[in-house]
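There are 2 protein chains.
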Amino acid sequence: MQIVKDNGPITGEHIADRLNLTRATLRPDLAILTMAGYLDARPRVGYFYSGKTGTQLLTENLKKIYVKDYQSIPVVVNENVSVYDAIVTMFLEDVGTLFVVDAGSHLVGVLSRKDLLRASIGKQELTSIPVNIIMTRMPNITTCEKDDLLIDVAKKLIDKQIDALPVVKETEKGFEVFGRITKTNITKAFVALAAEDL
Amino acid sequence: MQIVKDNGPITGEHIADRLNLTRATLRPDLAILTMAGYLDARPRVGYFYSGKTGTQLLTENLKKIYVKDYQSIPVVVNENVSVYDAIVTMFLEDVGTLFVVDAGSHLVGVLSRKDLLRASIGKQELTSIPVNIIMTRMPNITTCEKDDLLIDVAKKLIDKQIDALPVVKETEKGFEVFGRITKTNITKAFVALAAEDL
Numbered sequence: 001m002q003i004v005k006d007n008g009p010i011t012g013e014h015i016a017d018r019l020n021l022t023r024a025t026l027r028p029d030l031a032i033l034t035m036a037g038y039l040d041a042r043p044r045v046g047y048f049y050s051g052k053t054g055t056q057l058l059t060e061n062l063k064k065i066y067v068k069d070y071q072s073i074p075v076v077v078n079e080n081v082s083v084y085d086a087i088v089t090m091f092l093e094d095v096g097t098l099f100v101v102d103a104g105s106h107l108v109g110v111l112s113r114k115d116l117l118r119a120s121i122g123k124q125e126l127t128s129i130p131v132n133i134i135m136t137r138m139p140n141i142t143t144c145e146k147d148d149l150l151i152d153v154a155k156k157l158i159d160k161q162i163d164a165l166p167v168v169k170e171t172e173k174g175f176e177v178f179g180r181i182t183k184t185n186i187t188k189a190f191v192a193l194a195a196e197d198l
Numbered sequence: 001m002q003i004v005k006d007n008g009p010i011t012g013e014h015i016a017d018r019l020n021l022t023r024a025t026l027r028p029d030l031a032i033l034t035m036a037g038y039l040d041a042r043p044r045v046g047y048f049y050s051g052k053t054g055t056q057l058l059t060e061n062l063k064k065i066y067v068k069d070y071q072s073i074p075v076v077v078n079e080n081v082s083v084y085d086a087i088v089t090m091f092l093e094d095v096g097t098l099f100v101v102d103a104g105s106h107l108v109g110v111l112s113r114k115d116l117l118r119a120s121i122g123k124q125e126l127t128s129i130p131v132n133i134i135m136t137r138m139p140n141i142t143t144c145e146k147d148d149l150l151i152d153v154a155k156k157l158i159d160k161q162i163d164a165l166p167v168v169k170e171t172e173k174g175f176e177v178f179g180r181i182t183k184t185n186i187t188k189a190f191v192a193l194a195a196e197d198l
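Here the protein sequences line up with chains A and B, keeping their order. full-length UniProt numbering numbers the first residue of the first sequence as 1 and each following residue consecutively. full-length UniProt numbering numbers the first residue of the second sequence as 1 and each following residue consecutively.
Just so you know, these hints were derived from the structure itself, not from any lab. Every value quoted in this text rests on a predicted model; they were computed, and no experiment measured them. Treat the hints with care, since some could be wrong.
Since copy identity is lost for identical chains, a pair holds within one copy or between any two.
[Claimed, not checked] SDA-like, lysine to any residue: derived pairs with alpha carbons at most 20 Å apart:
1) K114 / M138
2) K188 / D94
3) K114 / I162
4) K169 / N78
If we strip away everything but chain A, and leave its shape as in the complex, we get (with noise of 0.2 Å):
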């Protein structure tokens, strides 16, 4: 690697000399670190340093988590229930985000721990504002399925800055709710991809 690294790009037979070795004897061993991604070859021209870390195996690693495998139960309220209930909920179900649904418990808002903590510092009483009106609402909520990949998912909370998805399966009528999907249960499974070599 070192001698590929500071020679590249540098034939088999020129690696074979200065090793003192035959190119029939290193030729197994060039081929394990080609194969594996940290040389590149080219022919008539030689090896060279890929500068790769093995990655190509890490992405099919990460290409067989879905968020069924990560998913956490799903906390809601009703549209009607006070700001200051919700707050209440949140506490005692201990989560960071609610989602909110309508009569026939189907998905019609979200509501993050910073849009209570906006509401709680406004002029107006908790008790007698219904959470629909500080809501974040459909179609303006990001949602996932159970079976979409969790790398997909965790692009979705970065690229929308949001701390949390639902998990939800479409009906005629709209979207139930199945589950949630945190940067919590994102990390647990980068936790997870170490804690697999156990």
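Starting from the known structure of chain A, fit chain B onto it as the hints suggest.
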């Protein structure tokens, strides 16, 4: 791979026989599969299927990501500011966690959105309570340093059920705060793992 899965443990000669190849021809391929961890080999027994899926390479990758590669800028407030001013700072800076410092700029506390939301539904006037009444204080603050592995910090976030850690440097007079690691940073690292492949 399939021959070994179905017949393992099986010797290199027997695999070569089944493929109508010489053992010498097959040797580099078996070396690659063994080196990559897909097959295990035992002297005088033969090759068998390891059941591994490239996780060692994955873990190697994770062990190269440090706090300093993903940390954000910390947002600090003085321990004497009011809870109301802390909430305003949190919105202006658009962060979920504030670090509280004393007159000498050393870390004395942490304020989460949850802490501020809890205070805001209390009966006290938010402009008259200083943050040091409601903050989590030293020595109950979990910290990290810039050269810590991101995976270890992710574990701390999960184990302690917190959203963010200050990145500190210990001095004789206390901890100076240089950065902030949140579940958002971990989610960005998770996304970057997959993006490296592009």
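Each hint, compared with the structure:
Only within a single protomer do K114 and M138 lie at most 20 Å apart by alpha-carbon distance; the minimum there is 18 Å, versus 26 Å between protomers. In this assembly of identical chains, the alpha carbons of K188 and D94 lie at most 20 Å apart only when taken from the same copy (17 Å versus 24 Å across copies). Both within a single protomer and between protomers do K114 and I162 lie at most 20 Å apart by alpha-carbon distance, with minima of 10 Å and 16 Å respectively. With identical chains, the CA atoms of K169 and N78 are at most 20 Å apart within one copy only, with a shortest distance of 18 Å there and 47 Å across copies.
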